[in-house]
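K.L.:
Produce the complete structure using the sequences and hints provided.
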Amino acid sequence: MKHDPDSEPDAEPGAPSAGGPGAPRGGGRAALARWVARRLLLAVVVVLGAATVTFGALRLTPGDPVKVMVGISAAQNPEIVEQARHETGFDRPLAVQYADFLGDLARGDLGWSYQLQESVPTVIGDNLWPTVSLTLAGFALAFLIAVPLAVATAGRRPAWRALSSLLELVTVSIPGFWVGLLLLTFFSFRLHLFPATGGTGLSGLVLPAVTLALGLVGLFTQILRDGMARALDEPFALSARARGTGETAVRLRHALRHALIAISTISGWTVGALLTGAVVVETVFGRPGLGRVLATAIQNRDFPVVTGITIVSGALFTLITLGVDLLYRVVDPRLREAPA
Amino acid sequence: MDDVSPSRPAADGGSHPARAPRRAPERAPAGPGPARPRTRGPAAVAALGLAGALAAACGGSGHAGGDAAGLTYASAGLVNCLDPQASASRLISIIDRNLFDSLVATGPDGKIQPWLATKWEVSPDGKTYTFHLRSGVTFHDGTPLDAAAVKATMDHAVDPKTKSVYASSLLGPYTGTKVVDASTVRIDLAKPYTPLLQSLSTPYLGIQSPKALRASCTKPVGSGPFSFVSWTQNTSIVLKRNPSYAWQSPTAKHTGPAKLAQLTFRLVPEDGARYGALTSGQADLIDDVPTANVKALKSASGLRFLQKDIPGTVENITFNPSRPPLNDVKVRQALQRSVNVDQLVKSVFNGVYARAWSVLSPASPGYTASLQNSIPYDPAAAAKLLDEAGWTGRDAAGYRTKNGKRLSVRWPVGAQLIRPSENILAQGVQAEAKKAGIEIQYVSEDSGAFVRDVISGNLDLYINNWRALNPDILRNMYASDRVPAVGGSNMFHIKDAQLDGWLNGAAATEDAAARQKAYADVQTRIVQQGLSLPLFVPSELLGVSDKVQNLNFDASLYLQFYDVSLGKA
Chain A
1 MKHDPDSEPD AEPGAPSAGG PGAPRGGGRA ALARWVARRL LLAVVVVLGA
51 ATVTFGALRL TPGDPVKVMV GISAAQNPEI VEQARHETGF DRPLAVQYAD
101 FLGDLARGDL GWSYQLQESV PTVIGDNLWP TVSLTLAGFA LAFLIAVPLA
151 VATAGRRPAW RALSSLLELV TVSIPGFWVG LLLLTFFSFR LHLFPATGGT
201 GLSGLVLPAV TLALGLVGLF TQILRDGMAR ALDEPFALSA RARGTGETAV
251 RLRHALRHAL IAISTISGWT VGALLTGAVV VETVFGRPGL GRVLATAIQN
301 RDFPVVTGIT IVSGALFTLI TLGVDLLYRV VDPRLREAPA
Chain B
1 MDDVSPSRPA ADGGSHPARA PRRAPERAPA GPGPARPRTR GPAAVAALGL
51 AGALAAACGG SGHAGGDAAG LTYASAGLVN CLDPQASASR LISIIDRNLF
101 DSLVATGPDG KIQPWLATKW EVSPDGKTYT FHLRSGVTFH DGTPLDAAAV
151 KATMDHAVDP KTKSVYASSL LGPYTGTKVV DASTVRIDLA KPYTPLLQSL
201 STPYLGIQSP KALRASCTKP VGSGPFSFVS WTQNTSIVLK RNPSYAWQSP
251 TAKHTGPAKL AQLTFRLVPE DGARYGALTS GQADLIDDVP TANVKALKSA
301 SGLRFLQKDI PGTVENITFN PSRPPLNDVK VRQALQRSVN VDQLVKSVFN
351 GVYARAWSVL SPASPGYTAS LQNSIPYDPA AAAKLLDEAG WTGRDAAGYR
401 TKNGKRLSVR WPVGAQLIRP SENILAQGVQ AEAKKAGIEI QYVSEDSGAF
451 VRDVISGNLD LYINNWRALN PDILRNMYAS DRVPAVGGSN MFHIKDAQLD
501 GWLNGAAATE DAAARQKAYA DVQTRIVQQG LSLPLFVPSE LLGVSDKVQN
551 LNFDASLYLQ FYDVSLGKA
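Chains A and B supply the protein sequences, listed in that same order. No gaps in the numbering here: position 54 of the first sequence is 54 in UniProt numbering, and each next residue is one more. No gaps in the numbering here: position 386 of the second sequence is 386 in UniProt numbering, and each next residue is one more.
Simulated from the structure, these hints should not be mistaken for lab results. Small disclaimer: the values here were computed from a predicted structure and weren't measured. Even glycine gets a Cβ: it sits at the ideal position worked out from N, Cα and C.
Which residues of chain B face chain A? A few of them, derived with a C-beta cut under 7 Å, are:
| hint | residue |
| --- | --- |
| 1 | V165 |
| 2 | T218 |
| 3 | T235 |
Here are the simulated distance ranges between beta carbons:
| hint | chain 1 | residue 1 | chain 2 | residue 2 | range |
| --- | --- | --- | --- | --- | --- |
| 4 | B | K211 | A | P93 | 37 to 45 Å |
| 5 | B | P124 | A | E79 | 29 to 37 Å |
| 6 | A | L42 | B | S408 | 50 to 58 Å |
| 7 | B | P160 | A | P93 | 18 to 26 Å |
| 8 | A | I266 | B | K346 | 48 to 56 Å |
| 9 | A | G56 | B | D395 | 40 to 48 Å |
| 10 | A | R59 | B | S301 | 51 to 59 Å |
P.N.:
Have a look at this one:
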């Protein structure tokens, strides 16, 4: 699940071109279309691969999935177990199950959740937005905190930088459930500013998003600061200063843009981290969401839900990666000229 | 109790369909017992009972009918399927009690009273029960509640497709239901089974609308005082008052529609968040109060703490007598005496739970107090018993050996099913056993491996408890014919002629004194034969806002919301 090597930016791309967003030169448009088409095809392969690996891995989990599914007491009643085995198709040979799985997938049928008694697309549909809004809010918040911190401390103010580094270490290290409980205790139970659980509106999103964001702030800040410090040592920074550009402008217009490339590089990883973090946050705050549904589905061997969520998140992941790679071509002209 | 105007369809499906993992293994009761699944340990048990009394909604408000916001109950429980015949967990039963009515009700004195059935006859041979249904009762979808609906519900309970966790076992030797006429229905049994009426009074056999049976996991339709509104998975379940309700249980304190306009169940598994929700007024009622917070809650203003012991079997470690080394009664008795249960229970649960001496809860009818102190912590006696059993050697690790073989028992637990406090308790038991020279291999397993071990009997110890009003639960766990393959919970295939005689005799007799005697004998034998080590009496631990009024429990200690109203704190 890494980016194609051919789209990985070099360690230090040159200065971003002044060109506006995505303005391929003549002839580049067709090349770009070919490149996107190829990448989309590859994305399908990646998603299929992820689905297959999940399909296989689930069947390697210890124990009889059907017995786990029906629960301990019912699992001891052979009649119930056989009924459930038949309903879920586990009574058929593995090859047939896999063929059925692929066939259903080709028809866009993600299956039926045994545990939830609901079609998988409905399950995902009902839980997708709460998770997406949570992760988007968490990502945006982390970004908004990290940028000023990095801009303020990169390459200067050693005391502030040390303090910021310490805080970054702390936020990366403390577990999300603890942060969540601290936030709840203070802002919800004491100050009554936000609902503790079940808030579905904006006010219910604040504390979960802050919890999720705190885990990322440290990482983002460090990456941004490193990138900025390096960019500020580059000749282009020197020449900008020589032109009389103010320090803040140099940082924002030149160094920061540079450092942002690294953030987009790890955005794929970030999506995964946010989804994982969402499980904890969703549990602490009693929120609906894909993370918790996935965790419960694995525990209960609700295979269609697990593969369904894998496919959807795999598709999201590859699309984001594709978007990031497109962004590189905007940001870094050298990649644009690389043969597609 | 009189005529009833047709109720309007209540379940407007405004919101998300319910959806939660069905039968999450963690919460599935290990046996037919109604008790709460092991998952949450003692606390779990505790959680359900309380639900009845809900706290007032945060807004405080008027009574009867005036509570627009309704009551919010934050529970540690999980909800996977609202079909009462399919599931068995404390929280689901509490929710279902508001949605479904039963043929009969069990009064506080244990007497059976008429409810949806105005009267009934039992045939002289005890094998046929004929019920005469009350007229004018309608389901939330407008369907009349008639004999056909009762039959559909009973057939649904025993249908393998329902995969009933508990309800089918409640029907005992059930053979079928016949519709005599629209308002008369007959239940046939293969042999006399006196617990039947009591079974029928539980929410597990609440009558469902036949039209809604197929989807009742997620969109339940009954005739109860509240109707289903929405279920947001892992988050909340909302019910609203059924305005046409007029056929309340005879145990209720008022008549007509419920007093609360709305009932919201919030699913808050995190202890700190749940307790905080109560103290900050975001919930009117919580269950499973963390034992560490009990002291603070007792002195909090505007809040009260309620603790009620739950009937059924206590939290106990059942021993597997079907394979070595616990097939030797002396080893089992030694293990019972080598654990300082008093001390462990007190320190792990902050003194909140009472130590248990019998497998049956003191809150159960049939409980015998004669076992008090019958298996005290006595390392010397344990050592003597082990010597007599031939476990006289010692290996390098200090464990006893016999013929070079270490005295070792296996205790797997489902990692996702066990609560942290139970985990500590189990490790305490393990440490105590080690002092006596008995090795306990306490293994935390993935749910798949755990279910496999339980089914194949690859375990020597099993911790569990079952909520059940009727002591007949003991038959389901200890009678030789109640093996798991037929839906029983005698998972270790215990075969004891004396136990069988008493248990089956008690289930078939109407003589209360004889039953009491039989159950006392059963409890004594279970403890004396070392089939179980009782640990503590599970109880409901509820935190309740003072706004909540008329919070009551039914006979099985499930919270009742029908009479609840919200006043000023």
